[in-house]
Structure formats: structure tokens, C-alpha cells
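S.K.: Here the protein sequences come in this chain order: S and W.
My numbering puts the first residue of the first sequence at 1, with every later residue one more than the last.
My numbering puts the first residue of the second sequence at 1001, with every later residue one more than the last.
One should not assume that every hint holds.
[Said to hold, decoys possible] EDC-like mimics (lysine to aspartate or glutamate), calculated; alpha carbons at most 20 Å apart, straight line: (1) S:K166 - W:D1099; (2) S:K166 - S:E212; (3) S:K166 - W:D1229.
[Said to hold, decoys possible] A few chain W residues that face chain S, going by a derived Cβ cut-off under 8 Å, partial list only: (4) N1101; (5) M1281; (6) M1316; (7) I1317; (8) D1329; (9) T1349.
[To be verified] Far from chain W, by Cβ distances over 12 Å, these chain S residues were calculated: (10) T56; (11) T61; (12) V70; (13) E73; (14) S109; (15) A137; (16) A143; (17) R155; (18) D216; (19) G230; (20) R298.
Hints are computed from structural coordinates only; laboratory data are not their basis.
Backbone N, C-alpha and C fix where the C-beta goes; we use that ideal spot for every residue, glycine too.
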Amino acid sequence: MKTTVPEPSGPRRPRLALMGEFSAGKSTLANLLAGTDRLPVQVTATELPPVWLSATASGVTCVRLDGREVALEDDRLANVDLARTAYVRVGLGSGLLDRADLIDMPGISDPNMPPEVWQRLLPEADAILWCTHATQAWRQSEAAVWDMVPEAIRRRSLLVVTRIDKILRPEDRARLLRRLAAETDGAFAAPAIPVALTRAIAGRGDPAIWSESGADRLMAAIGSVLSSIGQGVVGSDEAGAPARLATGSPVAAGPASSAVAAAQAVVPRRIKLGGAGAGPAGSRATARLDPAQSADFRAAIGEREG
Amino acid sequence: MSAPHPRPVVDPAGLSGRDRLVVAGMDGLFALARARAELGAGLVALARLGDRVTRRAAERLMQTVGEPEPSVTLIGQVKAGKTTLLNAMIGRPGLLPADVNPWTSVVTSLHLCPPVPGRTEGARFRFFDEEEWARLVEGGGRLGELAARAGAGDDLERVRDQIARMRERSRKRLGRRFELLMGQEHEYGYVDAALIERYVCLGDDPGAAPRPGEEQGRFADITRTAMIDLTVPGLPLQLCLRDTPGVNDTFMMREQITIGAIRESRICIVVLSAPQAMTAMDLALMRLIANVRARDVIVFVNRIDELADPVREVPMIRARIRDTLGQHDGPTDAAVIFGSAFWASACLTGTIDRLPPDSAHALLDWAPVALGEAPKPPDDDPVATVWALSGIPALWQVLSDHIAVGQGREGLSKTARSGLNLVRALGASEGAGARAIGLRRDPGTDPASVSARCAHILSEALGRFDTAAAQACAAFAERAERAHRQFIDRATHSLIAHLEAYGDGVVWTYGADGLRVLLRSSYLRCGADLHRALAQTLERAAQDLAGVTADLVELEGAAPVPLPPEPSPVPPPVSLGQSIALDLQAGWWRSWWYRARGYEAFSERFSALIAAETGRMLADLREGQLPDLVQSLRSMIEGFVVDQTEMLVALAARPDAGAAALDRATGLAAAAERRAAAERLAALFEGTLR
Ligand SMILES: Nc1nc2c(ncn2[C@@H]2O[C@H](COP(=O)(O)OP(=O)(O)OP(=O)(O)O)[C@@H](O)[C@H]2O)c(=O)[nH]1
Ligand SMILES: Nc1nc2c(ncn2[C@@H]2O[C@H](COP(=O)(O)OP(=O)(O)OP(=O)(O)O)[C@@H](O)[C@H]2O)c(=O)[nH]1
Ligand SMILES: [Mg+2]
Ligand SMILES: [Mg+2]
């Protein structure tokens, strides 16, 4: 299965791959973790090969399947030839990248994206952050791919439930998480972690929003994953795989204190809002509505705007 | 039995509140209902005009004016919002249970009807019988069979394990009744959410022991079908909407139930989720349905209220759907409608003033753009505006048009055709058209002899048709088997070439669509042959029957030949829609491939798998669908000849008939009037047929 892929040079850091269905929020999460907006984010599937963010690299380099490397002038990451590219390497040291490399994978289940594109890079990852849409969480297509991931990787990976802001009622969130706990029992290092990624990005620097969005718990868990990788994996063989992380209720439980420390260490220092969908929704619409109707209409749907 | 009366069509302008919202966009259905009412009125007139036999036949026809009941299936990935959408479409938020976790577990047919005196709401739930259940448990259903064939023992185990757990759960819930319930049906004279919840939803926390007194999903695991009769005020005609369990659920059985239900409706609404529209799973589903009938797939992209910027994102999603369908041979001409079942529900529950802030923003953003396209709400009513933005009226509009031009049209023609036959038969007995001079009283014109002659005509006709049908089916079998053999040869070559070039480290995939196309065209060709045989048989039988009329009645001019019925279009080859191993490229196929690697005789193993899988598709066509089609055409011949027989026997039994006798009894003027009325009716029916 392993088609070898040219590896980046330099000291090896833990590698976290972001995987999941397309549009699940992988790139949004990568942007959040790396404190950047470099990764394109959009509502439809993004047609990019894996993007490997690493502090030990520099510039933007297209690594071809044949091993050749081509520096990209244009660092917008557009127009990369999917058929010939193994991955795109981006040198970046911000946020979590001072402790780990991030590999933002293309989504599964995109009919236009051959699975080989992410499959061939899979063996490079030490752990996976599997992103699943809260509103359609953990479907068979995800479970089937997860089954193919080696057990050792699965045991130190996390299930991140993105778009949790779209499940409004707390009791529904709890029931969703209970189902995920039952269905993915033993398949991840810890219980599923719900997070509202776009909230977290918008609320950077505000501890209340940071915590309310679920980003703090996510950071804590990632901290634990990194230390488990650090303990047993990097530079040693698979036999030294770490024990499973301590588990607890993702809703209520506070993370272990060492994890809290880790969490603080990985809060991004600076995060810019991504380009897509950044403008305040509604402004354009308002301009085009007939003012009288608009005011009434807005009142009717009970718009509460500051 | 009292004579049925055509239902007056409700004027939508007279409705208010919710009822008014629900009918928005149903223009096509209203037009169809009006056409049916006109036809119905014609049949009433015909019943009054004719004798007892004609009246009975006209009354029977009146009952078929509403047939076939148009039916529509909602289908889509788990949690796309199918159930919520369905509830919104019929103006009954919360009626069918919806949830954040996988929920619908039974195909649920809602038979919708305008309120009619004497018709009440109700529900029937049918349980699996022992045999079906045993097959599920032992074989793991269709998926288990597939897994077994692929040599994926652990997948088979998993499916079996899921089913065993389901059975255990049901046993715990139902105790000793469990066995007793098998094969039973529960019927209720009312419907509400709490009742439905006991039968069709999964219930909380699958796997967990039920809480005492927990009614949710009490019978869900063993319920095979749910049929619910509902009244919808203002609805112009009767119709059926079907909710199905979501596909791509980890509980794999559910998907099989849904795929099996595709064949039950001509029209499918594929429900997608805007934030992740058109995944490989959605595409596979659409192609599966499209293989069946492209024209009748409608896409509803739900959850646009969850988009951060619908104005920018909806066109992106639309373009993406079109491109993906185009690149992968999907049905690019399918209508694509955007909307939100959530907004629709808010309209129905009177909560549009309490939308969550993100949702309200999306709505305001989307409003000016969408209102340019959507059917305009009748006034400045904000609820009607939000309703229009929810996409429900647009969905009803497309749906109504599909129904009206498809099943609706066919039903009208069928009835009009039979109506015309009745008018013509009336003419034969009463002298309209060819003037009847009188009944002949030759030997062999007594009722018993006429009946025997007609029976002979029927058996001759059936014999001729059976011979032709057997030929057509044999020709199909030959063509299909040739296509199948060629497909397997090509697939095997491709597999070997792949292994030589890449080894077994790269997954080999091979689409089965080429085979589907070939089988489909062979099937359609066979269908056309059968229709031709049917037409010839009916034509001949009609001539023979006219011969009986001529012997029975003395006529000036030729005896009228009854108009034979026309068959519905050949039913789509739904057997081709079943998923086979090759289609499961996204998930299972890959994992099987990797697991089977290194086995001895790897390529033989996969070739055998493909042969078995595609062979199944072919066998289903040959042993299931074609015989069904032959049977349905055969019963059309029977129906036609039997109806005509009844009229001829009645004619023979008339003590005193013929124009002269009639004229004496009713007066010449009355006879002329009746003739004129019959001609007007003939014109009405002919008009419908055009
Ligand atoms: N409301 C909400 N939106 C989110 C969240 N996470 C991601 N999104 C949005 O979801 C859409 C898809 O996000 P991406 O980050 O591009 O998803 P992806 O997984 O990288 O998708 P592919 O690269 O196509 O596989 C974007 O519009 C994001 O803004 C979240 O937690 N809440
Ligand atoms: N925001 C939003 N939520 C929706 C929409 N449609 C449905 N929902 C919610 O999504 C959840 C799932 O809806 P269901 O109607 O149960 O979905 P389904 O497709 O029938 O699910 P299964 O039967 O389990 O396959 C429920 O909590 C609904 O309230 C929508 O348009 N917008
Ligand atoms: Mg991405
Ligand atoms: Mg449902």
C-alpha cells in the first residue's frame, strides 16, 4: 500500500494530519491551529493536494510524485496540478507549528478527488485529527476510512466534531456526543471533542469565547496527543506506541492539569480572520431590499442587531 | 354502494394560514385536479345516459379517475433533513419524528388526501414476518451477502452483529410478545407524533437499554412498513409521499431498506445538505436513481440557513453540483432547488421572530436574491415571504409539474379511453353512429353463447400474447447474457492489466455502468417488443369482439370496434439500480481489496466476485421485473375483454331492443337527444386523449 513519498528534510517533528469528509472544517482547523489564514476555506470541496505546514521548511514548494520539487511563486496555493503533486510544503512557524507539523488533507467523499491523493500521505502522519460535521456526524463513509487507518495511529488520534454551533440545544449536543461515544468507543484516543471553529477564530483573544467555542478543550487534547507522540513514537519504532489517553466526558470533564498547561501553550498568538465569508452577513442584502419592506421584514423575523 | 361523486376542487384563494402556505406552488396539481373533475363529470353524465351495465362501468371508471396515486420518495444521506422537509411540505411540523441522531428507520408512506366527509386519518404498521426476519438475521441482508462474497468475513460479522444487537434490543423491549408480533399488522384510527414515534424511529441511544416506560422506537426494529393516512386541507388531489431511512448510516441495514424503496415511486427527491452538497454518496445515489428514470429526479439542497453567506455560496454549490453530475454521467437535467426545512418549520410554528441570529442573517442576506427567482408570495405577509425563501413552494412547483405531465397525464388518458369505449358501446346498442336496426335473434346470440364466444376470444388472445412474450423474453435473455459475458471479459482483462502495471498496492476500480447501459437498452427493447405484442393482440381481440357485436345487432354500417387500452410506459429497470460491489468504490471495495491482497488466486477471486454480482442484476431483471411486466400486460388483455364481454352479454340479454323499440319507448326526440349527448361525451374524452 505504501507508495513512498519524498519526505521533508530537517529534524522530524510530530505530524498531525487533518482528515475527514470534505467541507468538514479541516482547513479552518488548520488555520486556527497555525494562527494563519493561508489555507483556503470554502463551502464546496477544495481541490488541493495535501498541504504540509512545517516550521522547518521555507517558502511554498510543490513536491511532485516523481520527487522533483518546484517552488511556487504564488503562495495563494491555487492552481496546483493535482495529478502530479504529492503534496505542497509550506514553511510557517506560527501557532502550534512550533511544536508539530500539520498536514491538511483533502476531504474524503469528494467524487472529484481520488482517494490516493490522501492515502499515499497517510503513512507519514503520527496522529490524525478527524473532523466530522456535527449535523451529520460519523457516517459510514467515515467509519470505513477510519477502519483502514492503522490501529497504532487510531489510538492516539482525536475525533473533532466541527460546526457544533449548528446544533443549538444543549440536550441535542449531549445526545449527539453520547451516540458518538457509543459508536466510536475505542477507536480514538479520547471522547469526541465538539468545537465551533469559526467562532473560535472570530473570538481569538477573548478567553470566554475561546472556552465557549470548545477550542480550549480541543487544544488541551491536542497537547496530550503531542506529548504522547513525543514520549513513545518519534524516533522509535511502532512497538513503543503510547497507551491510550485518559478519557473523560468531553462535555463536563476538565482536562488533566498537564493537559491544561499544554493547552495554554498552544493557544495561537495571532489569528487573522479567513478571507471567505468574513464580511458581516446581511449588509449587502439590506442595501438591496426596499427600505420600508426591509425594516418591517427585519422586525418580523425578530432581527436583533446591534 | 353509493355512486362516487367527483370531488370539487378547492379554490386555494379561500384557504388561510398554514393551509394557504402548504398549497403554494401546487398549480400543476390544481390543473390536473380540474382536468380530472371534468372527466369525472363526463362519466357521471355517461352513467345517467346509459343502461345498467354502462352505469356500473362508468361508476367503476369514476373510481379510477384519481389513479394512479402519484407517489414521491424522499431519499438522501442520514441527517440531510428528509423527515423535517416532509413534515414541512405537508404543513405538519413535528408529525414524523426527526432528531440530531440517525432516526428514521422504516420506510414511511404518507397517503395524503383532501378532507373528505367520512375519511379519517389513521395508520397501519406492518411487522417483518418470521421468514424475512430469519433471512435478515442469518444472511445479514444484502450487504452481508456482498461481504460474504468478497471474502470480507469481518464485515459480514459486523453486519450480523448489528442485526443481532438490534434483535436483542427488540427482545428486551417487547419480551414474549416479540415472536407473537412477527407478521402482524397494527392499525389505528388516528395519527399523532407519539404514535408514529413508537414504530418508525430508532429511539434514543442505540444499544443502551430502554428506560422504563420509554415508548420511542418500541417497535421500530421489527416494523417493515408504515402507512399513514393524512388529510391535508386544500390539497387538490390524493398523493403519496414517502420518507426513508438515511443512507450512509453506520447501521448498514438501513441503507438497504432505502435502496429497496426507490422502486416504489416514480419521482425521487434527493435531499442534500448545503454545507456538504454532492458527496460521492449523493452522486452514487443519484446515478442509481437516474439509471432508472432521469427525468424524475429532483434535488433539494436543504439547510441553506446554515450557510454563512448564501448569496455567494449558493451559486458555488449549484455550479459544483452541475459540474460533478456532468463529469460523472449523472442526471445533469435534474431540477436543483435550494431551501431550508428549518425556515419552513418556523413559518408553520409561528416562530420566525425567534430564528437564531446566524439563521436570521442568512435569511436577510438571501431574501432579495432568492425572491427574484422564487414564486412571489401573494402579499407582504412576512410568513409567506419566509415560506417562499424556504424553497418549499418551488419544490411543490417542480413536483406538481412532474406529476401532471407524467403519471397524471397517463391516468387521464387511460380513463378517457375507457370512457370513449363506453360511449361507443352505447352507440352500438342505441344506434348512435352506425344506426342499429334491431337485435338479431339468430341462434347463438343468447347470453350464454355470447359469453362462451367471448371467453374463446380471450383465451385465443392470451395464447397469442404468451407466445410472443416468451419470444421477446428469450431474445432479451440472449442479448443480456452476451453483454454480461463481454463485460466480465473486459473487466477481467482490465484487472489483470492493472495488476501487471501497478501490482496489488493500488486499488483497481471498474465501473459497472457500461453493463447497466447495455442491460437497460436490452430491457427497454424487450419492453417495446412486449408492448407491440400487446397492441397486436388487443387489436385482434377488438376486431373479434366487433364481430360479436355485428352478429348480435343488425346495423346500418360497420360495427364499432372497441378502443383497446394503452399500457403505461415500460416500468424503469429498477433492478439495475441496486448497488453491487463494484459501486462501493468509496469505502468497502477499497477495504476488501486491501484485505484480499496476497490471497492466492487474487484475480480469479475478484473476477468471480464481479461475475456473481453483475449476474445478480441480470437475474433480477429476468426473473423478477420482466415476468412482472408480462403479467401486468396480460391482465390488461383480460380486463379489456372481460369488460367488453359484460356489455355484450347485457346487450344479448335485452328483451326488446333496437332503435325502433327505443324510439317507441322514449320517443324519437329523446333518442336523438341521447345521441347528441353521447357525441358530446365522446368529444370530451377524445379531447382529453389529445
Ligand atoms: N459555522 C461553522 N462553520 C464552519 C466551522 N468549521 C468550518 N466551517 C465552515 O465550513 C466550510 C468548509 O470549511 P473548510 O475548512 O474549507 O473545510 P475542509 O474540511 O478543509 O474542506 P475540504 O478542503 O474541501 O475537504 C467553510 O465555509 C467554513 O467556514 C464551524 O465550526 N462552524
Ligand atoms: N438548520 C437546519 N436544521 C435542519 C434543517 N432540516 C432539518 N434540520 C434539523 O436536522 C436534524 C435532522 O433532521 P431529520 O429530518 O431528522 O433528518 P433525516 O434526513 O430525516 O434523518 P434520518 O431519518 O436519520 O436519515 C433535526 O434536528 C432537524 O431539526 C434545515 O433546513 N436547517
Ligand atoms: Mg480544506
Ligand atoms: Mg428521517
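S.K.: Next step is simple, just say for each hint if it's right about the structure.
M.R.: Here is what the structure says about each hint:
1. S:K166 - W:D1099: Judged against 20 Å, a Cα distance of about 13 Å means the pair holds.
2. S:K166 - S:E212: Status holds; Cα separation ~14 Å.
3. S:K166 - W:D1229: 34 Å, violated
4. N1101: Holds, because the Cβ-Cβ distance from W:N1101 to chain S comes to roughly 5 Å (cut-off 8 Å).
5. M1281: It holds, given that the least Cβ distance between W:M1281 and chain S is near 6 Å, below 8 Å.
6. M1316: Hint holds; W:M1316 Cβ to chain S Cβ min 5 Å, cut 8 Å.
7. I1317: 6 Å, holds
8. D1329: At about 11 Å, which exceeds the 8 Å cut-off, the nearest Cβ of chain S leaves the hint on W:D1329 violated.
9. T1349: The hint is violated - W:T1349 has no Cβ within 8 Å of chain S, the shortest such distance being about 14 Å.
10. T56: 30 Å, holds
11. T61: 25 Å, holds
12. V70: 24 Å, holds
13. E73: The claim stands: S:E73 keeps its Cβ more than 12 Å from every Cβ of chain W (closest is about 26 Å).
14. S109: Not fine: 4 Å to the nearest Cβ puts S:S109 too close to chain W.
15. A137: 8 Å, violated
16. A143: Contrary to the label, S:A143 does not stay out of reach of chain W, its closest Cβ about 5 Å off (not over 12 Å).
17. R155: 19 Å, holds
18. D216: Given that every Cβ of chain W is farther than 12 Å from that of S:D216, nearest at about 22 Å, it holds.
19. G230: 30 Å, holds
20. R298: Violated, since 6 Å does not exceed 12 Å.
Taken one by one, the earlier hints fail for this structure at numbers 3, 8, 9, 14, 15, 16 and 20, listed in ascending order.
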